[in-house]
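Enquirer: Now for the letters of each chain:
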Amino acid sequence: MATFDDPVAAVPVPDTEQESTMILNMGPQHPSTHGVLRLVLEIDGEQIIRLMPDIGFLHTGIEKTCEAKFYQQVVPLTDRIDYLCPMVNNLCYVLAAEKLLGMEIPPRAQWIRVMLAELQRISSHLVWLGTHALDLGAMSVFLYCFREREDLLRIYEMVSGQRMMTSYFRIGGLALDPPLGFFESVKKFLDIFSERVDEYESLLTGNRIFIDRLKGVAHLSKEDAIALGVTGPALRASGVDWDLRRDIPYCGYENFKFKVPTSQDGDVWARYACRIEELRQSREIAKQALEGLPEGSTKADMPKVVLPDREKMKTQMEALIYHFKIVTEGFTVPSGEVYQSIESPRGEMGYYIVSDGTAKPMRVHMRSPSFANLQALSTMCEGRLIADVVAAIGSIDIVLGEIDR
Amino acid sequence: MPLEPAITDLDRLKDHPVIAALLVWNDKAVAGAKFDRQELSIYIGREFIRDACEKLKSLGLVSFLSDLTCADYYPREPRFELAYHLLSHQRKERIRLKVKLEAGDAVAESITSVWPTANFFERELFDLFGIHFLGHPHLKRIMMPEDWEGHPLRKDYPVEGYR
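Protein chains in written order, with this note's numbering: chain Z, 778 to 1182; chain W, 53 to 215.
For the record, the hints were derived by calculation from the structure and aren't laboratory data.
Quick reminder that beta carbons are idealized off the backbone N, C-alpha and C, glycines included.
Hints are not guaranteed to be accurate.
As the list claims (entries may be wrong) - Under the rule of at most 27 Å between Cα atoms (straight-line distance), these lysine-lysine pairs were calculated in the DSS-like manner:
no. : chain 1 : residue 1 : chain 2 : residue 2
1   : W       : K109      : W       : K86
2   : W       : K192      : W       : K144
3   : Z       : K1034     : Z       : K1081
4   : W       : K150      : W       : K192
5   : W       : K107      : W       : K66
6   : W       : K86       : W       : K152
7   : W       : K86       : Z       : K999
8   : Z       : K841      : W       : K152
9   : W       : K109      : W       : K150
10  : Z       : K1034     : W       : K144
11  : W       : K66       : Z       : K846
12  : Z       : K1036     : W       : K144
13  : Z       : K1064     : Z       : K1102
14  : Z       : K1137     : W       : K207
15  : Z       : K841      : W       : K192
16  : W       : K207      : Z       : K846
17  : Z       : K1034     : Z       : K1089
18  : W       : K66       : W       : K109
19  : W       : K109      : Z       : K999
20  : W       : K192      : W       : K207
21  : Z       : K1137     : W       : K144
22  : W       : K207      : Z       : K841
23  : W       : K86       : W       : K144
24  : W       : K86       : Z       : K1137
25  : Z       : K1137     : W       : K150
26  : Z       : K999      : W       : K107
27  : W       : K150      : Z       : K841
28  : W       : K207      : W       : K86
29  : W       : K150      : W       : K107
30  : W       : K144      : W       : K207
Unchecked claim - Coverage of chain Z stretches by chain W, computed from C-beta distances (three or more under 8 Å per stretch; other residues unrestricted):
no. : region
31  : 993–1000
32  : 1011–1025
33  : 1130–1140
Stated by the list, open to error - So these bits of chain W aren't anywhere near chain Z, every CB distance computed over 10 Å:
no. : residue
34  : A81
35  : G84
36  : G182
Take the sequences, apply the hints, and build the full model.
Expert: Given below as structure tokens:
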């Protein structure tokens, strides 16, 4: 009978009547667990009787650190939660802080935010597609996906100076107006990207081996998905037509037209199909944002909160004073609490911020989609084979940085 | 949108379907309400939280538990405020249920029987705030090591840790 020594007792595996089961550790350093995830499997031969995720290896106490920083200093911390789509995390935090402050954001800033958030969704889904296929033995897709991701990283570098930890969205707007040539680069990328998705699909969608590994595997019913708090493409693949961008719009998403792909099958294949379609829809949204981009300022008119332009700071005494005050003592935020949620590539990303009226947040909580989605893994995998666990982990697209925070 | 003052008068908010349903079900359960920044918070008595969640779910007023978290108002008493962020897929609306807990008696009933997704969230609160959830299937530390002392997200725990 399978039993545990004390150090691993954090993971519950109740005694079973069966004598034939054994415990298998998968991770924390397993190539297909996408980070430092440890899974404890109780197996009977090849079949999984029980699966328990053990997390916390990447816990860095980001929520505690936020409480010691000024509101504007929290933005770089949010980059590091979900490192595959830092701007989406920035967006969620700044929207929550702006809601606390009661700010109005100029449309140009909103549209650029939407455009970049959708490009981030594309680059995050590209990492998912590449690694998911790689886990299942399709090496070449990974190389194609990273080719396009490289283009996107160059675009982020162009606009923010960083490839990954961008911190480009700030409370009140954007850090800077995008540089010359930026919109042309985005347009160039969007023009080629549609064909590139066809290229990935030609490698995978008709591939007999890939279909066999995905179809009917790791099924999750609609009821289970809702009960287990699953969000994002995994929820939509289980037949729930729910997308925060469309249903509770934020940041001007109500101005964009896009389809929300859903499926009734609830298996790994359905999640794959939903994400592939999301790649195309994200391209559509980014294209609409690029074509209809309004003119105007990219910063809200609130000098006590938003840093002044560099030029103004050098020439105007008042701007210099505001700059000095914001940098040295922050800005106070009226007391209250807000919960702001957005649709991240993985599901519902939510920030719960409590302000006590000072310049530092009293509490910042991140509701990360992967944290909740991971709980569905045991329901998906029980009764299936070990090889299916790899497909199931890939299909919920977890990022351990945001699970452990 | 400029900020409007928060509405904290229960009488002005009692027409909201969720508050109305809760008042019909058990008027002792509702300890107060607040409408601030377009978000509705309902304070629920500690002993009623699980039943309130179950009732709202069975009436179809909410369908989904988005988030469960806590804030520490140290040194004020009651010190902890749990925040349950519930979502209705049909009405496309969020509400927040809040429960206040005293420092010496930081215990609440687990809602894992209503929404299994609360499992990890409650373990996280147990780990980082030291709040106990009665009826939780496996209340163990989730982020910190098993032998860790203290609860890091409490306000009386230093940011740099104990040295």
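Enquirer: Evaluate each hint against the coordinates.
Expert: Verification of the hints:
Under the criterion of a C-alpha separation no larger than 27 Å, the hint pairing W/K109 with W/K86 is consistent with the structure, at around 21 Å. Straight-line distance between C-alpha atoms of W/K192 and W/K144 comes to about 34 Å, which puts the hinted pair past the 27 Å bound. Between Z/K1034 and Z/K1081 the CA atoms are separated by roughly 36 Å; this puts the pair beyond 27 Å, and the hint is violated. For the hint linking W/K150 to W/K192, the alpha-carbon distance of about 23 Å falls within 27 Å, and the restraint holds.
The suggested pairing of W/K107 with W/K66 holds, with an alpha-carbon distance near 17 Å, which does not exceed 27 Å. Pair hint W/K86 plus W/K152 holds up; C-alpha atoms about 14 Å apart against a cutoff of 27 Å. This hinted pair does not check out: W/K86 and Z/K999 have alpha carbons roughly 33 Å apart, beyond 27 Å. With a CA separation close to 21 Å, the supplied pair Z/K841 and W/K152 stays within the 27 Å bound.
As the CA atoms of W/K109 and W/K150 are separated by approximately 16 Å, the hinted pair is consistent with the 27 Å bound. Taking the CA atoms of Z/K1034 and W/K144, the gap is near 19 Å; set against the 27 Å cutoff, the hint holds. For the given pair, W/K66 sits about 38 Å from Z/K846 by alpha-carbon distance, which is inconsistent with the 27 Å threshold. Pair hint Z/K1036 plus W/K144 holds up; C-alpha atoms about 18 Å apart against a cutoff of 27 Å.
For the proposed pair Z/K1064 and Z/K1102, the alpha carbon gap of about 39 Å is over 27 Å, so the pair is violated. With a CA separation close to 13 Å, the supplied pair Z/K1137 and W/K207 stays within the 27 Å bound. Of the supplied pair hints, the one linking Z/K841 and W/K192 holds, its CA atoms being roughly 20 Å apart against a limit of 27 Å. The suggested pairing of W/K207 with Z/K846 holds, with an alpha-carbon distance near 14 Å, which does not exceed 27 Å.
Distance restraint check for Z/K1034 and Z/K1089: the Cα-Cα separation of roughly 38 Å exceeds the 27 Å cut-off, and the hinted pair is therefore not satisfied. Our distance criterion of 27 Å between C-alpha atoms is met by W/K66 and W/K109, whose separation comes to about 19 Å. Restraint check for W/K109 and Z/K999: satisfied, since their Cα atoms lie roughly 16 Å apart, inside the 27 Å limit. Of the supplied pair hints, the one linking W/K192 and W/K207 holds, its CA atoms being roughly 21 Å apart against a limit of 27 Å.
Using a Cα cut-off of 27 Å, the hinted pair Z/K1137 and W/K144 is violated, with the two alpha carbons roughly 31 Å apart. A C-alpha spacing of about 9 Å is found between W/K207 and Z/K841, which places the hinted pair at or below 27 Å, so the restraint holds. At roughly 19 Å between alpha-carbon atoms, W/K86 and W/K144 fall within 27 Å of each other, so this suggested pair holds. Note on W/K86 and Z/K1137: the hinted pairing holds, with a Cα-Cα distance of about 23 Å set against a maximum of 27 Å.
In summary, the hint linking Z/K1137 to W/K150 is supported, as the alpha carbons are separated by about 23 Å, within the 27 Å threshold. Among the hinted pairs, Z/K999 with W/K107 is consistent with the structure: their alpha-carbon atoms are about 21 Å apart, no more than 27 Å. Simply put, W/K150 and Z/K841 have alpha-carbon atoms about 21 Å apart, close enough for the 27 Å limit, and the pair holds. Proposed proximity of W/K207 and W/K86 is supported: the alpha carbons are some 24 Å apart, at most 27 Å.
Of the supplied pair hints, the one linking W/K150 and W/K107 holds, its CA atoms being roughly 16 Å apart against a limit of 27 Å. Under the criterion of a C-alpha separation no larger than 27 Å, the hint pairing W/K144 with W/K207 is inconsistent with the structure, at around 34 Å. Given as covered by chain W, the region 993–1000 of chain Z fails the check, having 0 residues with a CB less than 8 Å from a CB of that chain where 3 are the minimum. Interface restraint, the region 1011–1025 of chain Z with chain W: holds (4 residues with C-beta to C-beta distance below 8 Å; minimum three).
A stretch counts as covered by a chain when three or more of its residues have a beta carbon under 8 Å from one of that chain; for the region 1130–1140 of chain Z and chain W the count is 3, and the coverage holds. W/A81, annotated as away from the interface, keeps every beta carbon of chain Z farther than 10 Å; the closest lies near 21 Å. Every Cβ of chain Z is farther than 10 Å from the Cβ of W/G84; the closest lies at roughly 14 Å, confirming the non-interface assignment. Chain Z leaves W/G182 outside its interface by the beta-carbon criterion, the shortest separation being 14 Å against a cut-off of 10 Å.
Comparing the model with each earlier hint shows violations of hints 2, 3, 7, 11, 13, 17, 21, 30, 31; every other hint is respected.
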